[in-house]
Structure formats: C-alpha cells, structure tokens
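Start from the sequences and build out the full structure, keeping to the hints where you can.
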Amino acid sequence: MLRLTLAQMRRSLGRLTAAGIAIMIGTAFVAVTLIAGAVITRTSYDAVSASLADADLVLLGSRDQGLSAEDVDAVRETDGVAAVDGHMRLWTELSAGTKHAYPDVTTLASDPRLDPQVLLDGRAPERSGEIVLPDRMAERLGVEVGDTVTTERSSWVPADAADADGADGADTAATDGADSADSADGAGAAATDVEGEWVTRTERLEVVGLNDDPTGAFAQTGGAVVVHPEDAERWALDDTMGAPVQYTEAVVALDADADLESVRGEIEAAAPEGAVLRTKDEHAQAKTAELTNGADVFTTIVLGFASIALLVAALVIANTFQVLVAQRTRTLALLRCVGADKRQLRRSVLIEATILGATASAVGLALGIGLAQLTLTVLGGVNLDVPLPATVSVTAAAVIAPLVVGTLVTVVAALAPARGATRVAPLAALRPADAPALTQRRNLPRLVIASLLTVAGVGLLLFAVIGGREMDEVLALGVGVLGGALSFVGVLVGAVFWIPKVVSLTGAILGGRGTSAKLAAANTLRNPRRTAATSTALLIGVTLVAMMSTGAASARTTLTEELASEFPVDVLVWAPRSLSAVAEPTGPADDTSAPTVLDQRLADELDQIDGTAQVQLVTSIDAVVTVEGAEATGPLRVLPAPAARGVLLAPDQAEGLDEDSVIVSQGLAEVLGVESGDVVSLGATTLDRTGGTVPTGESVERTAVVTEFGQGFLATPGTLEAMGVDATPNEMWLRMDADADPVDVVSDIQDALDETTVSVAGAALERVMFQRVIDTLLAVVVGLLGAAVVIALIGVANTLSLSVIERRRESATLRAIGLSKAQLRGTLAIEGALIAGVGAVLGSVLGLLYGWAGAVTVLGVMGDVRLTVPWRDLALVLVVALGAGLLASVLPGRAAARTSPVEALAVD
Amino acid sequence: MDSTTATPSGHAPASGAPAAAAVRARGLRKVYGSGEAAVNALADVDIDFAAGAFTAIMGPSGSGKSTLMHLLAGLDSATSGKAYLGSTEITGLGDKELTRLRRDRVGFVFQSFNLLPMFTAEQNIVLPLELAGARVDPAWMDTLVQTLGLADRLTHRPSELSGGQQQRVAIARALIAKPDVVFADEPTGNLDSRAGAQVLSFLRRSVRELGRTVIMVTHDPSAAAYADRVVLLADGRIAGDITDPTPESVLAGLDALRSLDEPEAAMR
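The listed protein sequences correspond, in order, to chains L and G.
For the first sequence, this note's numbering gives the first residue as 1, with consecutive numbering after it.
For the second sequence, this note's numbering gives the first residue as 1, with consecutive numbering after it.
The hints are all genuine.
Chain L stretches covered by chain G per the calculated footprint, using a threshold of three residues with CB under 8 Å from any CB of chain G:
(1) 518–525
(2) 820–828
(3) 894–903
Here are the simulated DSS-like pairs of lysine-lysine, each with C-alpha atoms no more than 27 Å apart in a straight line:
(4) G:Lys178 <-> L:Lys821
(5) G:Lys96 <-> G:Lys178
(6) G:Lys82 <-> L:Lys821
(7) L:Lys821 <-> G:Lys96
(8) G:Lys82 <-> G:Lys96
(9) G:Lys178 <-> G:Lys82
No wet-lab data here; the hints were simulated from the structure.
Positions of the beta carbon are idealized from the N, C-alpha and C atoms, including for glycine.
Following this line, the structure appears as structure tokens:
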C-alpha cells in the first residue's frame with residue numbers, strides 16, 4: 001500500500017508541489033518567528049544587563065533606599081570578592097561651543113570585568129577635571145583628546161556655608177560670587193530646610209580619552225562619559241542637595257577561586273533590607289520580564305499571524321487533496337474492486353498528506369532558518385545601536401514546533417478529502433466517464449451553524465460598538481474581539497453558500513457578452529465548494545489587511561483631530577527656562593545660562609524650510625490674573641494679534657485680541673469666574689523653588705476675552721511692555737502649509753535645531769510621532785499578513801491548474817468547436833481574476849466594517865471617532881489581488897492551451 | 001479505388017460539379033514515433049469525400065480510421081501529404097487558421113457527447129456561433145430543433161438528458177454554423193441500440209433533407225449501413241469502398257479484411 005501511495009504521489013508531483021509551497025511558507029513563518037523571538041530575547045537580555053559588563057553578581061538597592069557607601073564597602077570586605085563598584089544615576093550637560101550633549105556619568109571601574117566600556121584612545125581620568133568621552137559624542141561636539149568641554153552645575157548652598165572653602169580647580173561662576181564646594185555635605189540631610197540659595201557654576205573638563213560602548217550599555221543616552229570619582233561624587237551631591245549619595249546597584253566581581261554560592265550567601269546576609277542579590281543572567285531575566293510584563297508579547301503576536309498563514313495554507317491543502325481524490329476516483333475504485341478496504345484508502349491519503357507535510361515543513365524550516373540568518377547578516381552590516389548576535393541560535397523548540405505544526409496542519413486538512421476517498425464506490429471503476437454532473441448538495445447543518453455564528457458575532461460586535469462607551473474599556477474590547485472572531489468564522493463557514501453565487505453574478509455582470517467571460521463565470525459555479533475555499537483563503541488575508549488599514553486610518557484621523565484641539569499650533573519650539581532666570585526673573589536671560597537664543601535669525605532660518613507657512617517668535621512668561629479676589633496663574637503668551645490669528649491652528653482662538661484685551665482660556669476663565677468683557681488685572685509672576693508665586697513688574701487692567709484657546713493667556717507686546725516686563729522671546733510658533741508632509745517638515749526643523757538646546761513639540765510633531773508608530777505597526781502587520789495572502793494566491797493558481805486538468809476533455813472540445821488558444825487562456829484568466837477579485841472585494845468590505853467597529857470600540861473613549869475609508873490601501877489590495885489572480889492563471893492557461901483538440905475524441 | 005492522378009497544385013473550385021469533393025486527401029501519411037518504434041498509422045492515402053453525402057469510414061481497431069479523420073479535420077498534423085477542405089489545403093495551416101476553420105466550416109460529434117455540463121442544451125447548441133461572434137439564424141435553429149426533436153429539452157442541462165438526447169444536442173451543435181462538413185467519431189458508441197438508431201437516422205436526415213455533408217467513423221456495421229458509402233481501412237490503407245451499403249455487405253467487406261490480418265483486431 002505504501003508503494004502504491006508513493007507511486008500516486010509521483011504521478012501528482014506537480015500538484016503536490018504547489019500545495020507543499022503553501023505549507024512551506026507557513027512553516028517558514030513559524031520558524032522565523034521562533035528564531036527571531038529567541039534572538040530578541042537574547043538581545044534584550046544582553047541589552048538590559050550590558051551595564052553589568054562581566055560582573056558575577058549584582059546587588060540591587062531597594063527602590064526608595066538604594067545602597068549607601070557603607071553597604072558597598074561591606075560587600076567589598078566580603079571574602080572572595082575581587083572588586084565591587086557602586087552605580088548611581090548621574091547625568092550632566094556638556095557643552096563645546098554651541099553644541100551640547102547630555103550623557104550618563106560614570107567613573108572608571110575598579111576591575112576590567114566590571115567595565116562595559118572600552119577605551120579607544122588616550123587614557124582614563126587620573127584627577128579631577130579630566131574626562132573621557134564616547135567617540136561618537138566627541139565627534140558630534142567637535143572635540144578631540146586635549147580639547148576642553150564645559151559643564152554647568154548648580155548646587156544648593158546653605159547660607160551658613162556661603163563662605164566655605166573654594167572648590168578644587170573648578171572654574172566657578174556663581175551669581176553671588178561665592179564658591180560652591182563639595183564641603184556642602186556637612187549641611188546634612190536637612191539641607192532643604194536650611195536657608196540658602198542655588199548657585200550655578202561652570203566647570204571646565206579636559207578630554208583625556210575616547211571610549212566606545214560595544215554592548216550598548218548606555219545606548220539610551222548615547223553613551224556615558226567617564227570622570228574622576230571626585231567629580232562624580234561632587235556632582236552627585238549637587239543633585240541630592242548635600243544628602244549622602246545613594247547607589248542604585250553594586251556590581252561584584254569574584255576572585256577566580258571563590259565559590260559563587262558561599263559568597264552570595266555572605267553578601268546577602270550583610271545586605272540592607274529590601275536589597276536583592278542576583279547573578280547577571282537572573283537579573284537580565286527579571287528585568288526582561290518586568291519590561292514585557294512577564295509574557296513574550298512579540299512572539300505571541302507574530303505567532304498569531306503565523307497561525308493565520310497556516311490556516312490559509314490548510315484551506316489550500318484541503319482543496320488540493322479534495323481534487324487529488326476526485327481525480328483518482330477510478331484508481332481508488334479499482335483498488336476497492338481488487339479488495340482494498342475503506343480504511344486502507346483513507347490511510348493511503350493520510351500517509352500521502354504526512355509525507356507532503358513533513359517534507360514541506362522541513363523545507364520551510366530550512367527556509368526560515370536561512371531567512372533569519374540572512375536578516376541577521378544584513379542587520380549586522382547596518383550600524384545599529386543594538387548589538388545583535390552574528391548567527392542564529394537554533395533551539396530544539398524552533399526546529400520541532402514548525403515541523404510538527406506544519407505536518408499536523410497538512411494531515412488535518414487532508415482528513416475530509418480522505419473521508420471522501422472512502423466514499424468512492426467500487427462500481428465507479430466500471431462506469432464510463434460521464435459528463436460530471438453538477439450536484440448542489442444542500443448542507444443544512446452547515447448553513448445553520450454559519451448563520452448562528454454570524455448573527456451571534458454581529459450581535460456581540462454591535463453590543464461592543466454601541467455599548468462600548470458605558471462599559472469598561474477592556475471588557476468592550478474583549479466583547480468586540482469575540483464578536484468579530486465569531487462572525488468572521490460564521491462568514492467563512494457559510495462561504496460555500498454565498499461566495500460562488502457572488503462570483504458567478506459578478507461574472508455575469510462583467511462579461512455579459514464575451515464567451516470567455518461567460519465560460520469563466522459558469523466554470524466557477526461548477527464546484528462551489530472549491531471556488532468558495534479558494535476565495536475564502538484570499539478573503540481571510542484581505543479582510544485582515546483591510547481591517548488593519550481601516551483601523552489605522554480611522555485612528556489617524558481621530559487622533560489628528562484630538563491633537564488639533566490640544567495643541568494650539570502645528571509646531572512649537574521652546575528654549576528651556578534657564579535656572580538663572582528663576583533666580584533673577586526680571587532680568588534678561590544671559591548667554592551663559594540660555595545657550596540658545598530664539599531670535600529673528602533662527603526664525604528666518606526655519607521660515608526657509610519647505611512647508612512652513614509662518615514662523616512667529618513668542619514670549620512666554622508666567623502671569624497671574626486677579627479679579628474680585630479670585631486669582632489664577634498660567635503661562636502668558638505674547639505676540640501681535642494679526643500674527644496670532646495667522647499662526648494658530650484655530651484662528652478664532654485669538655479673536656478679539658488687541659492692545660486693551662487679554663485672551664483667557666476657558667479653563668482658567670472658569671477658575672476665575674470671568675466672562676468675555678469683564679475687566680481683570682494682569683501681572684507677571686515667577687515661581688520659586690517651593691512652588692509659590694512671586695509677583696514681579698506691574699499689574700495692568702485689561703478686558704478679558706474668553707476663547708477656546710488651550711491654556712493660559714494671550715496678550716499683545718504692548719500689554720507686556722505696559723506690565724514692565726522686558727523679556728526676550730523664548731518660543732517659536734510655526735504653522736505649516738496645508739499640503740506639507742508633517743514628517744518631512746518636522747524632521748527638517750529638527751535638523752535645523754540639531755545643535756541647539758531648544759525643544760520641539762506641537763500638533764504636527766505628535767502627529768508625526770503617532771503616525772510613525774501607526775505606520776510602522778501597520779507595515780509590520782500587513783507584511784505578516786502578506787504571507788497569508790501569498791499563500792492564498794498560490795491556492796488560486798493551484799485551483800486553476802486543477803481545473804485545467806479536470807477539464808482537459810472540455811477544453812479539447814471547446815478547441816475542436818472553434819475556441820482559440822487565446823480565448824482559452826482568457827477564460828482561465830477571467831476565472832482567476834474573478835475568484836481573486838471577489839475574494840479581495842468581499843475581504844475589503846468585511847475588513848472595512850471590522851476596522852470601523854474596532855476603531856469605534858477602541859477609540860470611542862477618546863471622543864468622536866471619524867470613520868475613514870483608506871481608499872488608497874484598498875485600491876492597492878484590489879489591484880494586487882486582481883493582478884495576482886491573472887498571474888496565477890498564466891501557467892495553467894498555457895497548460896490548457898497545449899491541450900490538443902484530438903483529446904476531445906479520446907474515449908477516456 | 002480512386003486512382004485519379006492527383007495534381008496537387010491544381011485545386012480549382014468544383015463549380016458545376018454537384019458531386020464535387022467536400023474533403024480530399026492526397027498522399028496523406030502519418031507516422032507515430034520514430035526509428036525502430038515508428039508506426040505507420042496512415043500510409044499515402046488518396047481519397048475524396050463527396051459533398052452532400054453521408055460517408056462512413058470503417059475498419060478494425062488500429063486500421064488508421066481515427067487518424068484519417070483527425071488529419072482531415074485539421075485536429076492533427078500529417079507527416080506528409082495533403083488534405084483539402086473544399087479548395088483549402090488544411091495541412092499547411094497554422095493553429096489560428098485551423099481554429100477559424102473548425103469554428104466556421106467543420107462540425108464535430110463525439111462518442112462521449114462532450115457537452116459542457118454547466119450550460120443548458122440551447123447554450124451548448126449556440127456555443128460555436130458565440131465563439132465566432134456570429135448571430136443565431138432563428139429559422140435554422142428552429143429547423144434543427146424540430147428535426148432533432150429537442151424543442152422541450154432546450155432549457156435542460158446535460159445531466160438532465162438521456163444519452164440519446166445529449167448526442168442529438170451535440171449534432172445540433174455541430175450543424176448550427178452550417179459547416180461544410182460534419183465529422184462524427186463513433187457517435188453511437190455510448191448509446192443503446194434504439195438511441196443509436198435514432199441518432200443515425202438524424203445524421204442521415206441532416207444529409208438528405210438539410211443538405212449537409214457527414215463523415216462518420218464507426219466500427220459498427222449496422223451503423224455504417226445508414227451511410228451512402230462506406231470506406232474500409234486496414235493497416236493505414238484504403239482497403240475497400242462500398243456504395244449504398246447494407247449491414248450484410250459491410251460485414252462481408254469487414255470479414256474479407258479480417259481474414260487478411262487477424263492479429264490486428266486484438267490490438268486495443
């Protein structure tokens with residue numbers, strides 16, 4: 001029997017190959033997912049533990065306590081410990097000319113095993129005032145070994161320590177002339193209660209070396225500088241305002257002959273309460289689990305898509321086997337005649353499926369591993385911040401799972417056709433080959449199940465959509481997903497009833513005249529089940545693609561509108577308020593404390609950028625408005641009235657702004673209890689360290705105008721002058737051309753501001769950010785679903801070539817009575833395009849509905865949802881499906897055209 | 001046996017000659033395979049088939065009767081020699097011209113009917129015209145339907161028709177485009193004797209009453225007896241020619257062949 005199975009497989013090699021490709025793609029998908037998951041896990045393990053270098057143990061301080069210097073010393077004195085370093089969180093701003101960087105600050109590790117960084121050039125800092133920079137940062141700052149960079153530190157100087165000792169070698173520039181010093185630690189933990197003031201000083205640091213961060217330990221901040229412990233200590237004390245420095249963690253290297261477990265026990269015994277001791281791998285595992293919430297989200301999601309691809313592949317396989325069995329009817333019947341029993345026939349089909357599944361899965365697995373390795377190699381060539389392994393590590397799970405799944409799916413898909421094989425009557429061997437009868441078997445249970453699922457699913461979906469706003473968000477989403485899944489399954493189960501009708505109707509409408517179209521439409525009706533299965537395979541992929549892009553488009557539109565109401569302008573550029581401005585609020589910002597001045601020159605520069613329509617300098621100060629005892633503080637934006645109306649996204653927010661009025665936001669108007677037309681008094685104010693407000697300048701009387709302006713107040717430069725405040729502009733508002741691409745404009749603006757310390761925000765920026773996120777997600781998802789669509793299209797080609805074989809005599813008859821080769825190819829092309837096109841159109845419509853339902857359910861909490869039709873994406877899906885349907889008909893069409901008309905005369 | 005000296009280049013239209021040949025073969029040869037395995041299916045056959053006549057080609061299995069028909073109908077290419085449909089030499093035509101020829105000037109009736117299962121009887125009948133983009137002549141359609149007794153079967157699909165009915169639909173399909181000649185390949189092979197007799201008399205009526213030309217391949221002497229003339233083939237050569245045959249005369253002719261070559265009959 002096995003020999004017979006193999007012989008039959010050899011005869012059907014072509015068809016089996018086509019089916020095998022489908023299962024191969026699915027299996028490769030699974031394999032790539034598992035391997036990529038392993039790589040990602042390894043990479044994230046390495047990434048989260050990179051700062052530990054080759055430490056044997058890491059002692060983590062509790063969240064609120066950290067580790068004191070004594071705790072670290074205690075570890076150091078433990079037997080078997082070779083070296084220990086305390087890590088603390090410390091950043092500083094470095095400047096060289098007009099360029100700035102904000103690196104992590106570290107000190108030289110006491111043992112090479114504890115040092116994640118590599119010195120490339122020069123030497124480590126040997127005394128205070130020396131620094132080692134990451135080479136890329138040095139390049140960006142334009143400095144080399146031997147050059148000087150500056151850092152600006154501000155420290156709290158208690159009043160009684162104001163005339164303490166000078167600092168060691170640091171060039172100080174405190175505003176009150178007093179030196180700040182590390183002697184401040186004498187002030188103790190109660191520093192905040194003590195009278196004192198903030199002092200800013202600029203320290204010069206000589207670059208003595210350049211280093212590299214090969215494992216990406218400091219990738220998030222663009223690298224870490226290394227300074228002398230003395231400097232690090234002093235800066236840390238600046239940040240704690242004199243309180244003792246706390247370490248977040250201590251990394252431990254052991255002596256070569258030390259026993260890990262015993263040292264571990266000793267350190268644990270001496271460690272402060274709440275501290276945790278872990279090995280490097282334990283730490284990586286715990287940290288990763290923390291980040292991913294304990295679940296491997298990536299792998300789970302992608303495996304979800306892989307299972308969709310496999311489901312589609314299963315449909316294609318089931319289809320193929322059904323036809324294989326139908327084609328072998330005579331052979332099977334003959335076997336029954338000579339004594340084969342039903343079980344043997346079923347086993348034969350299943351063995352065939354197993355061989356096919358196992359072979360295709362093995363090829364798919366190899367393909368998957370190859371693809372993963374190729375991707376790694378390509379990524380390795382690209383300079384990424386994340387260090388990736390050079391070769392894939394193939395785990396047992398990554399090998400076994402795809403093989404088992406691929407084979408299993410194939411066998412399960414072949415179950416129904418195998419049952420079909422047992423139904424072949426021995427008599428069929430003796431019957432002459434009749435014209436195949438068109439049977440329209442009514443399968444009532446199937447119809448009932450399909451209807452029930454669809455109705456129940458749609459009901460749940462509607463419940464989630466309509467009731468979503470009153471319900472818990474997560475519950476609504478869950479109900480929606482359940483409803484969507486149920487109704488989709490219902491639609492798929494019922495596909496055999498309605499898809500062939502839609503296909504033939506479409507064919508009848510499209511090709512009322514042409515004989516080819518008429519033949520094609522009639523042909524699709526001959527085997528409704530097969531037409532349905534083929535279309536359904538495509539329908540699944542297309543529905544999901546369309547759903548995703550519809551959801552994404554709706555989310556985009558909805559969020560864009562949300563943002564317009566949240567942000568007054570497209571792009572907002574602002575300079576951080578300098579610390580000295582806090583200390584001396586009424587004075588003009590001086591150059592040392594406000595490194596970047598927003599001036600007309602910069603404004604003009606931004607105005608030159610393609611896509612910016614208007615750039616307006618704005619002065620923003622804190623202001624307080626009082627009326628009849630009520631008081632409200634908020635930012636006061638100052639700009640000329642016409643400019644305000646020009647640059648704001650909603651010009652009516654500045655309606656009524658003139659020299660005698662002040663625009664008050666609705667929120668603050670409610671606090672104050674004012675309405676448009678009320679007279680209020682407006683004055684500048686400043687916030688002090690404790691959060692209180694200190695009025696400065698003079699109060700002026702202005703008429704309040706309440707508009708939808710987002711936050712704070714809006715006034716003209718004349719008003720600011722009347723308030724006696726002389727402030728330079730510290731914000732720029734930009735409006736973009738309506739047709740400009742925000743992605744391009746924002747990145748151009750960011751490029752222009754690259755070397756400055758200003759920040760960029762605004763509706764356009766947010767829009768760009770979430771658009772990027774949505775687009776990236778969409779691209780990934782569509783890419784993943786693309787595999788399902790490709791498999792489905794293989795299914796279309798498969799179905800067509802099976803049809804060609806089945807209809808050999810018919811094709812020959814048609815050729816004999818005058819159908820030309822081109823017409824015959826045309827018939828198949830139309831059939832392919834019909835099956836694919838209907839699958840794509842129905843999928844698009846279904847996807848659109850599901851996408852809308854999803855958007856309403858998910859985004860409903862945010863406000864009104866705009867339902868968008870992603871015409872471009874849908875058109876693309878259609879074109880691809882139709883094109884692929886046509887393409888899928890090329891080879892079968894050629895095979896059919898080769899059919900000689902003589903074959904019509906053959907008796908069998 | 002026709003021994004007229006063939007003038008291959010001279011094929012003047014047979015004007016004024018009512019019994020002009022509808023189909024002619026000159027030195028027609030077909031060899032299957034090559035070298036040692038080469039089989040001479042047809043060896044230099046010269047024959048004329050008169051227009052407006054019902055001719056049967058008979059012969060034992062492997063005698064080359066099917067091959068002759070394939071070549072005459074332009075379904076297969078000859079190794080050498082020429083075949084003419086009227087004045088058109090079909091042995092030199094390409095696939096496109098042959099397709100047009102089959103569409104407009106040749107009709108086929110098959111042993112296993114070969115109706116398209118998804119179309120009704122009427123749709124099957126008019127299919128050749130649709131392929132040619134031609135209009136249906138309602139009077140001719142009506143004549144065919146009445147003659148073949150299909151009036152109440154037109155809306156039925158092949159699966160709802162008996163074998164005899166299906167073959168009658170196939171005959172109507174073959175005649176709808178008023179072809180120069182209809183080739184019928186064992187038209188009664190899949191029919192019981194009553195239905196077969198019916199089909200044969202329809203073929204004869206289409207020649208006698210509707211003026212068509214029919215060439216039929218058969219191995220059944222009683223079927224061949226419906227024809228005006230029977231051509232006997234053996235070993236790829238013309239082995240006999242019977243005019244106004246009866247079942248008895250055909251059988252006698254066949255027996256004469258069999259005694260010459262016994263083993264051939266066991267070939268199929």
